[in-house]
Amino acid sequence: MKPIIAAPLLVLLTTLALPAHADRYSVPKNAAFEEECASCHMAYPPQMLHADSWRAMMGDLSRHFGSDASIDEKRRVAIADFLVANSGGRKTGNTRDAQGRPLLRITETARFEKKHREISAATWKRASIKSPANCTACHTQAAAGDYDDRSIKIPK
Amino acid sequence: MRHLLVIAAAIFTVSAHAETPRDFLTRFEKEAGAAASAERGARFFTTKQGGEWSCASCHTDKPTQAGRHAKTDKAITPLAPAANAERFTDAAKVDKWFRRNCNDTLNRVCSAQEKADVMAWLLALR
Chain A
368 MKPIIAAPLL VLLTTLALPA HADRYSVPKN AAFEEECASC HMAYPPQMLH ADSWRAMMGD
428 LSRHFGSDAS IDEKRRVAIA DFLVANSGGR KTGNTRDAQG RPLLRITETA RFEKKHREIS
488 AATWKRASIK SPANCTACHT QAAAGDYDDR SIKIPK
Chain B
5 MRHLLVIAAA IFTVSAHAET PRDFLTRFEK EAGAAASAER GARFFTTKQG GEWSCASCHT
65 DKPTQAGRHA KTDKAITPLA PAANAERFTD AAKVDKWFRR NCNDTLNRVC SAQEKADVMA
125 WLLALR
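From first to last, the protein sequence lines are chains A and B.
Sequence positions in the first sequence follow the working numbering and run 368 to 523.
Sequence positions in the second sequence follow the working numbering and run 5 to 130.
Keep in mind that the hints are not guaranteed to be accurate.
Straight-line alpha carbon distances no greater than 16 Å define the calculated EDC-like cross-link-like pairs of lysine to aspartate or glutamate that follow [as the list claims (entries may be wrong)]:
| id | chain 1 | residue 1 | chain 2 | residue 2 |
| --- | --- | --- | --- | --- |
| 1 | B | K100 | A | E403 |
| 2 | A | K482 | A | D439 |
| 3 | B | K75 | A | D435 |
| 4 | B | K78 | A | D448 |
| 5 | B | K97 | A | E402 |
| 6 | B | K78 | A | E485 |
| 7 | B | K52 | B | D108 |
| 8 | B | K100 | A | D516 |
| 9 | B | K78 | A | D427 |
| 10 | A | K482 | A | D516 |
| 11 | B | K97 | B | E43 |
| 12 | B | K97 | A | D435 |
| 13 | A | K481 | A | D516 |
| 14 | A | K441 | A | E403 |
| 15 | B | K97 | A | E401 |
| 16 | A | K520 | A | E485 |
| 17 | B | K100 | A | D435 |
| 18 | B | K100 | A | D448 |
| 19 | B | K100 | A | E440 |
| 20 | A | K492 | B | E23 |
| 21 | A | K497 | B | D77 |
| 22 | B | K97 | A | E403 |
| 23 | B | K97 | A | D439 |
| 24 | A | K482 | A | D513 |
| 25 | B | K75 | B | E23 |
Treat the hints as calculated values from the structure; they're not laboratory data.
Produce the entire structure from the sequences given, and follow the hints as far as they go.
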């Protein structure tokens, strides 16, 4: 009798536990986003920026952080819609810079700064890390949406 | 039967669209109106042209091996067809990346001659 009850209970517990932890930031499936936005860097979770930020970023892809990331108009609109629909709300902290423009970087949001306060400027610049935007350098499971403490390994 | 024919026609159209790396060399040479030079392609690929990057900054100067994005550090699979069968098989993808990467390295688009030269060199790599 016991195992029969335990099995569904276990399933229930894991389904309850998962969304709250490991893949809180897993990227919703979207073929166009994967193809166009994960070629130069990892697929950043849409949940990590405010809708205004995604709209601003998607408005100018030919000058995207110093790179030409331009795409055809149909895809641009489709990806912008996807990002806005899955964007993070006020959870991302401040969403605008001092001049009132939407922040374009996840790494400039208050939430990011708070979570990474203890990392020194020298660490960010290590050759093995290069840039705070290189999440996967430290968050070994970032591609799966897992930023949990247990999967962090800061490279030397 | 009618259905089978439609399906067969659809499959044929799809495969007729797939390109091979050689097709791109032919196309760029035709657009340039001159033969390609692998030697010129090698020089073009590996030297900076006034900007911060050369093609080799991300694809390495031996593109049969994997590269890394110069800014983000993301791994990039080899560019040379001999080492990567997926390269130069889709015109939309090839045109898109030539446009972007030439802009980033030269601040302008690449000429048909430059693209033909690069193709000739990449095809010669083993």
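Point to revise | In rising order, the numbers of the hints this structure does not comply with | key: The structure breaks hints 2, 4, 6, 8, 9, 11, 18, 20, 25; every other hint is satisfied.
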